[in-house]
Each structure stands twice: as C-alpha cells, then as structure tokens.
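Just need the whole structure built from these sequences, with the hints factored in.
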Amino acid sequence: MQSARAGVFAMVASCTIWGLSPLYYKMLSQVPPLEVLAHRTLWSAAFFVAVLLVQGRLERLGSALGTARSVVILAFAALMISTNWFLFIFSVQNGHTTEASLGYYVYPLVAVLLGMIAFGERLGSLQACAVGLAAVAVLILSVALGTPPWVSLIIALSFGLYSVVKKSLTVGPVVSVTAEVLLLSPLAAGWLWHLHQGSGGVFGDDAATSALLMISGPLTAIPLILFSYASQRVTMATVGLVQYLNPTLQFLCAVLVFGEPFGPVDAVAFGLIWTALALYSGASLRQDRLRRRASSTALADPSL
2 MQSARAGVFA
12 MVASCTIWGL
22 SPLYYKMLSQ
32 VPPLEVLAHR
42 TLWSAAFFVA
52 VLLVQGRLER
62 LGSALGTARS
72 VVILAFAALM
82 ISTNWFLFIF
92 SVQNGHTTEA
102 SLGYYVYPLV
112 AVLLGMIAFG
122 ERLGSLQACA
132 VGLAAVAVLI
142 LSVALGTPPW
152 VSLIIALSFG
162 LYSVVKKSLT
172 VGPVVSVTAE
182 VLLLSPLAAG
192 WLWHLHQGSG
202 GVFGDDAATS
212 ALLMISGPLT
222 AIPLILFSYA
232 SQRVTMATVG
242 LVQYLNPTLQ
252 FLCAVLVFGE
262 PFGPVDAVAF
272 GLIWTALALY
282 SGASLRQDRL
292 RRRASSTALA
302 DPSL
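In terms of my numbering, the sequence shown opens at residue 2 and continues consecutively.
Some hints could be false.
What the hints assert, rightly or not - Below, a list of computed lysine to any residue pairs in the SDA-like style, where the Cα atoms sit at most 20 Å apart:
| # | residue 1 | residue 2 |
| --- | --- | --- |
| 1 | K168 | G116 |
| 2 | K27 | V152 |
| 3 | K27 | L213 |
| 4 | K167 | L183 |
Said to hold, decoys possible - Each pair of labels, with its calculated beta carbon distance range:
| # | residue 1 | residue 2 | range |
| --- | --- | --- | --- |
| 5 | A268 | A136 | 14 to 20 Å |
| 6 | Q31 | G121 | 46 to 52 Å |
| 7 | A119 | A190 | 32 to 38 Å |
| 8 | V13 | P174 | 28 to 34 Å |
| 9 | G121 | G201 | 45 to 51 Å |
| 10 | G147 | M28 | 42 to 48 Å |
In short, the hints are calculated from the structure, not lab data.
Predicted model only: the values in this text are computed from it and were never measured.
Yeah, the Cβ is synthetic: ideal placement off N, Cα and C, and Gly gets one too.
Right, dumping it as structure tokens:
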C-alpha cells in the first residue's frame, strides 16, 4: 500500500512538471526553438549519464547499443522524441500551447489505433466510440481553421510511434532515453558549433539565459525518472488517468497564463476530446478491474 501511494505521488509529480513546463519554455522565447532543442539534448545526455554513473548502470548503455538492430530502433525513437520536443518548444514559444496540449490529449487515442496496426490489438465498443469522437473533433477544427491541426496531430503521432517502437526494447526507460539523446548529441553539438561560429548562439552571452538552458537537462530527466518509478508501482489504469494531468496543466497555462484565444469552435472540439477520453478511461478502468478479478480468482483456485 505504501509503495502504491509513493507511486501515485511520483506519477502526479512527473505529470505536474511536464504540465507546467510551458512556463519554462516561455522564458526562453528569445532563443530559437532548434537551439533550445540542441541544448535540451546535450544537457539531458549529461544528466542521464551522471544518473547511470551514480547508479552503477553505465555499462548497460553498451548492451542497449550493442547490435545494429537496437541502434536502428533507438535512432528511430530518437527521431520521434526530438520531433515531439521540437514541436512542443516551437508551439509554446509561438503562442500555440493550446494546440500542443490537444496533441497530448489525442495521443492515447492515437496509441489505440497504432496498437491495432502494429500489434493486432482489438478495439472495444467504447474505445471505438472514443476514437470516432476524436476524429470528429479533428474534423471540426480542420473545417474551422481551413487546415488540419497539424501541430497537434504530429505531436500525438510522433509520441505514439515513439511508444510503439519502445515496446521492442528490453532495456529500461532511463537507459534507452540516455542512448537516444547520446545518438542525437553529435547533431546537437554540431548545430550549436555552427551557431557560435556565426556569432548566433546565445549560450554564454547572458548568465540567466545560459542557466535556463542548462536546467533543460534535469527538467527532462527528473520527471522521466519519477514516471519510471511510478509505473512499476501503480496499475496501468492509474498511469493512464493521472497522465491527463499533463495536457490539462498545459491547457490551463495556455488559456489562463499566456492568454491564448479559446473560442466556441475550440470549446466544441476540446469538449469532444474530453468526452472521448472519459469513455476511453472508463473502458480502461473496466478492463483493469476485470483483469484483476480474473487474477484474484486464479490465485484463489489453484486448479484453474
């Protein structure tokens, strides 16, 4: 019980850090998003390597990158997560945090569809209804905007593909993310070197901005470590429900703090998404309850 409670606290803490991260990236609005991404990659790599070194698990990076297949998988995962990070940073800096939050709301429903395609998973009736409502919401936004909400859709799809490809890895999340940012680090370092050669880089010019860029390392690593800790101690249904705290806080930052517009069309679209997520969560909770009941029955009756 104590372990589960600690897991819930860790999950809430990780999702709160992720959900309030727009406040941090807004403070870096004067730094181009690609430069912020490069710094986030390098400082994350340094922080993750330090964590693995302290834990005595640094040698696991060798096994994570030990075969050509694992390198290809990790490289694809790195491409997906860097795309996700870049679009999120770009959205916050350019007044589109609401669209970014919508992407993370839509992600669980995209994950359901990817599960069908990649793993042959079946949709229940409530899940199918949830996906249908999300599709209607996207259609409404597309008609109103004159174009699909590409930022939201690419954020959801990139994170969905990232989640799918991670299922084929046997190493833990901290080790795999360390390997991913290490693969990206030469590109990040090359880009920053190019900027500073042309006197375009901001790091070192201003102490406050430089410190903020360095914070991107622990800001990336700490919630992931908390999330990994929590995932081992709470049910997947709990993980799924608490995760909605992340886009909800992002949405509140966008509307209440940044003053981004939120009109009637947005309200209808978000209302449909929230209804879809309520149906999806209800179905997930029901499946989790049935699974635990079946497990309890099997333990109570050894003949089963």
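Quick rundown of the hints versus the structure:
1. K168 / G116: 11 Å, holds
2. K27 / V152: Within the cut-off at roughly 17 Å; holds.
3. K27 / L213: 11 Å, holds
4. K167 / L183: Holds, at roughly 16 Å.
5. A268 / A136: 14 to 20 Å: 18 Å, holds
6. Q31 / G121: 46 to 52 Å: Given range 46 to 52 Å: holds, Cβ gap about 48 Å.
7. A119 / A190: 32 to 38 Å: 33 Å, holds
8. V13 / P174: 28 to 34 Å: With Cβ atoms ~18 Å apart, the hint is violated.
9. G121 / G201: 45 to 51 Å: 49 Å, holds
10. G147 / M28: 42 to 48 Å: Roughly 32 Å apart at Cβ, these two residues miss the hinted range, so it is violated.
Violation of the numbered hints given earlier is confined to hints 8, 10; the remaining hints are satisfied by the structure.
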